[in-house]
Amino acid sequence: MMMDDSGYMKSERIKRETLRYLGYGKHEADAETLRMLRESLLELERTAKERMVYRVFDLCLEEDVGKGMGAGYIRIGNMRIESRSLFKNLKGCEKVILLGATLGIEVDILMKRYSCTDMARAVILQACAAAYLEEYLDGRQKEIAAEEAREGYYLRPRFSPGYGDFSILHQREILAMADTARRIGLSMTEGSMLTPTKSVTALIGLGREETGCHAEGCEACEKTDCAYRRD
Amino acid sequence: MLLERLGKELLFFDGGTGTLLQERGLKPGELPEVWNLERAGEMVEIHRLYYEAGSDIVLSNTFGANALKFRDSTYSLKDIVTAAVTNVKEAAKLGVCDGRETYAGLDIGPTGKLLAPMGDLSFEAAYAAFKEAAVYGEEAGADLIHIETMSDTYEVKAAVLAAKENTRLPVFATMIFDERGKLLTGGDVPSVVAMLEGLRVDALGINCGMGPEQMLPILEEILKVASVPVIVKPNAGLPKQRDGEVYYDVRPEEFAEVMVRITEKGACLVGGCCGTTPEHIREMVRKVKETKNFPACIPPERKGQTIVSSYGKAVFLGKRPAIIGERINPTGKKKFKQALKNHDLDYILKEGISQQDNGAHILDVNVGLPDIDEKAMMVEVVKELQSVSSLPLQIDTVDASALEAAMRIYNGKPMVNSVNGKQEEMDKVFPLIKKYGGVVVGLTLDEEGIPDTAEGRVRIAGKIIDEAAKYGIDKKDIVIDVLAMTISSDPDGAKTTLAALRQVRERYGVCTVLGVSNISFGLPCRPVINANFYTMAMQNGLSAGIINPLSEDMMSAYYSYCALMGYDENCEEYIRRYSGRTAPGAAQRGAARSDAACGVPGAGDGAAGGRAAEGGTGLTLRTAIVKGLKEEAHHAAREMTKEKEPLAIINEEMIPALDEVGKGFEKGTVFLPQLLMSADAAKIAFAVLKSELAETGADEQKKEKVILATVKGDIHDIGKNIVKVLLENYSFDVIDLGKDVAPETVLETALKEDVRLVGLSALMTTTVGSMEDTIKLLRKEKPDCKVMVGGAVLNQEYADMIGADFYGKDAMQSVYYAKEVFGEV
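So the protein sequences, as listed, match chains A and Y.
If you're matching positions, the first sequence starts at 1 in my numbering and goes up one per residue.
If you're matching positions, the second sequence starts at 1001 in my numbering and goes up one per residue.
Please keep in mind that the hints were generated in silico from the structure rather than gathered at the bench.
Incorrect hints may have been included.
Cut-off 30 Å, straight-line C-alpha distance, at most; resulting in silico cross-link-like pairs (DSS-like, lysine-lysine) [what the hints assert, rightly or not]:
hint: 1; chain 1: A; residue 1: Lys49; chain 2: Y; residue 2: Lys1224
hint: 2; chain 1: Y; residue 1: Lys1703; chain 2: Y; residue 2: Lys1334
hint: 3; chain 1: A; residue 1: Lys49; chain 2: Y; residue 2: Lys1350
With these hints in hand, go ahead and build the complete structure from the sequences.
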C-alpha cells in the first residue's frame, strides 16, 4: 500500500500515466475505461507487494577519446558497461546506486487471471501496474535523494538497462550485485526479462553537482515520434 | 547418528560466511564458491572457527553451487562441491577437540531464478540442477543436505525431491519469511510446513531475512503446525543500510540471549545467517548450554491438523466445512469435453476462476477422457490453474501415472482423489502419498463393492487408515468418503451415508468428504434435494463437500450452515453475500440462474453471460457491441435470435459493429481498452448465437486456423492475447500455443493442423532471435505458411530483416492481414 496524505495526488498521477501508456495521448478516456482504471488501481493497492533494494557502488568512468566525444567505459565493481547514453547520464558522478524493485508475483497472477476472463481489464491493469511501479520508485527515489543530500550528493535521473544503448545484457550483473533474488524475489529469464514482470532495475548516478534534471526520463529519449511520449 | 539425535538433543549450526569472506577480500560480483579451490586454507579456517565455537553442523560454501547460478568456466561444479565438503571435514579434524560428533552439511541455496509458469525455469531443470549438487555432495562425504534461504515453495520442492531421490542423506529445508510470516512468493507458514512435511523432510524452519527477535513470532506459527524438528537461523538483526552498504548490528550477547528464548520456545536446531560470526555462535552455545534442559531440546509434538496447500494458501479441514468445487470435470458436460478435445485451456481455467469467485476453497481437477492423453493434460491443467488461482487443488484421476506426474509438479500439498479399500489400489496410491505428500480421499468400497450398511463402510475406512499407517502416512492425511448413494434406488441411502459420516468422525477422528449431488441421481429438481442433504451432511460431520459452487442452492445452504453453527463470525460472510437481497426474490433469481436441473438444461454451463438474464435495455446488438456492453450484448443477441437467423445476425449486425470499432481504433478515436470491451461483448453475443446454431443443427461457418505464439524465451504474452481476442471475433480458429514457445512446437502444430498463418510475438531484442529461428524453420519445413509478427521491439525494418511476411503495428492490423491471407477481402 502506498496511500498517504498525498494519496489523492498519487492516484491522479498514476491514472494519468496509465492512460498515456494505453495510448490515449491527449484524448479523454471513456467512462467505462475510467471506471475499470479506478478499480484496477484499488485492486493493485490490495494485491501489490512492492519492494525495493539498492546498493551504492563506486563509479569509475573512463573516457575513450579514440571513439569520439562521449564514448567510454563505465566500471562498477566487476561490471564494465559500454554505453554512450549511460555515460552521458553518469558524467560527473562519483558513485552510483544499483536498484531493483518489483510489485511481486501476485500482480502477475492477477494479470494472467484477467487475460483469461476480461482482456480489456487485463490491458488496463497492466498499464496501471506499470504506472504504479513508477510512482512507487519516484517516491522511494525522493527518500534516497534526501538521504544522499545529507552526504552532499545529488541524484541523476534513473536509467534502466534496455534503454538507449545501455544493453539489456547487463541485467544479470545488476541483479546479482544488488542481491535482488534473495532480498526481494526479483530475478530474470534467460532472455534478460525481469520476473515478476512488473519490476524495474536501474542505475542512479550520485554526483556532487546539482544538474537539475530530475524530471528527465521519457522526455530525454531520442525517439521523438513515439506515440506514448509524455511531452 | 544425526537422525537419532534429531528432535532429542539441541544441535548447533554455524553462522554466516559472506561477511567473513568479504573481510578477507571477496569482491562484489565475485563467486564465493571459487574460494573452495583457490583459497581453500582460508575456507578451512572459517569452518574451523565455527567448530571451535561449538557448532555441531557446519555448512559447506556451496550456496550458489548449481549449474544455473554458478557460471564459471574455469572450474567444474563437481570440483567445487567436492572441495567445499572436504574443506568442512578438514576443519572438523582441526577444530573439534572435545571428541563430540559433528556433521558436514552440503549447503544448497536457490537458483536465483523464478520457476515456470511465472518465470522461465522449468521445474525439471531446477530439479536437475539441485540433483547435480546433491549427488556430488554425497559422493564427497556430506552428512546431510541443508536447503536454505528459499523463498519459493515450488523451488524448494524441486530441491527436496532432488535430494531425496538421489541421495540417502537426511534433508533439511529452511525458508525466508518476512515479518508478516509470508514468503516473497506469497506462501504462509502452514502452507510451507504442510508441503515440506508432506515431502518428508527431516527438519524444517526459517533462516535469513530477519533478526532473532523478529523470528520469534514466526517460530510460534511454525510450531503450531509442524511435527518435525524446527530450525531457526536468524541474521544478526534486520538488514540496515549505511551509504548503501548492508550491515547487521545485533551483538553476539544480544543474539545469544534471544536464541536462548528461541530454544525454550521449541526450536531444536539453531544457528546464524547473514552477519553472524563465530563470536555470535560461541556466545549462543555458551548461553544455551546454561539452560536447565540442555542437552535436550523440547521434543517436537505430532500435530493432527489436516492441511492441503497451494503455493500461497493453506486450507485446514476439520472444523469449519470447506467447499471443493466439482466443475473441472468432463462427466456429463458436453462443452467441457469439447474443450478438452480442442485443448481449450482458457475454458478450463475460467471454470476454476468462476468457482473461486463463488467461494470454493479447493478445486477438484478431473480431465479424464478416453481419447486424450490424460497424463499430459492433467500436468498442463494443474500448472496453468496454479498460475491463475491460489486455491489448493484436488487431483482427481484413476490413472496412476497421471496422478504421479501431477503430484510431482503440483506446487504445494495436494488433495488426491482417490484411493479405496481395494488392496491393489492402496498398493498403487499410498507410495505416492508417502513420497510427494498429500491428503488422500479414501472411498469406503473394496473388492466386495460398496457395503449397504454404515458399519460396513466404517470398517473399510478403518482398513484404509491402517494400511496407510504401514507407509508412515498419518491419519490426518486421510479423509474418508463414505459415499452418497442415490435415494431414488435405495430409500435408506441418505440415512446410511449420514450414519457412516458420524461414525467415521467419532471412531477415527478423521476428516470426511462427500460427492454430495450423487444423492439425487434420477430425481427431478436435484438442487433442492442436494442442498438439503448437504446441510444434513455438514451437521453430521462432513468436513468438505464436493459441490458445484455456482449452484445458489448449495451455496445458500453452505453460508446458512456456517452462520447458524458459529463458523461465520458476526455472520460477516453471510451478510456480505446476502445483504440487499430480498429473501424470496433472491432464491428465485438464484435458482433461475444457476440450477440447471430445475430450469433450462445446461444453463449452468454459461460463463460470463449468465448474469444478464433479465431486463431489456432497448439497445441494439450493434450499439451494445460498439459500446462494449457485455450484458446488453448478451440480451440483445438473445432477443434478436427470435427474429433472425444466427448467420444473418453475425454478418449484418456483429461484423459491421466490429468493423466500426476497428476503424475507430485505426483513426485514433477508439482506444485499446474500448476495442477489447467491444471484442468481449461480441464474444458473448457469439456464444449466444453458437448455442442457437447448435440447437437448430445448422453448420457453423468453416473457420480458418491461425497459430499464435509468444516466442521462445519471451514470457510477456499480453500482446498475443489481445490479437487472439480480435482474431476470434472475426471467426478465426486461433490455436494459442502460449508463451515461451519453441520453434519446433510452432512447426509441429502448423504441420499437424495444416495451418496457413502463424502469428508470432516478441517483446525484446533478446528474443527476436527466437522469432527469426521460428520463421526460418517454418520457411524450410512448411513454405506455404505465412508469418505475421508483432511486439514492442519490432518495426517494419526489423520484420523484413528476420524474413516475416507481415508486420502488424497493432492488433487490428493482424486481423486485416489474416483476412487478406485467407482471401476474405
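How the hints compare with the structure:
1. Lys49(A) to Lys1224(Y): Roughly 26 Å separates the two Cα atoms, so the pair holds.
2. Lys1703(Y) to Lys1334(Y): holds (20 Å)
3. Lys49(A) to Lys1350(Y): It holds: about 25 Å lies between the C-alpha atoms, which stays within 30 Å.
Against the hints set out earlier in the document, no violation occurs for any number.
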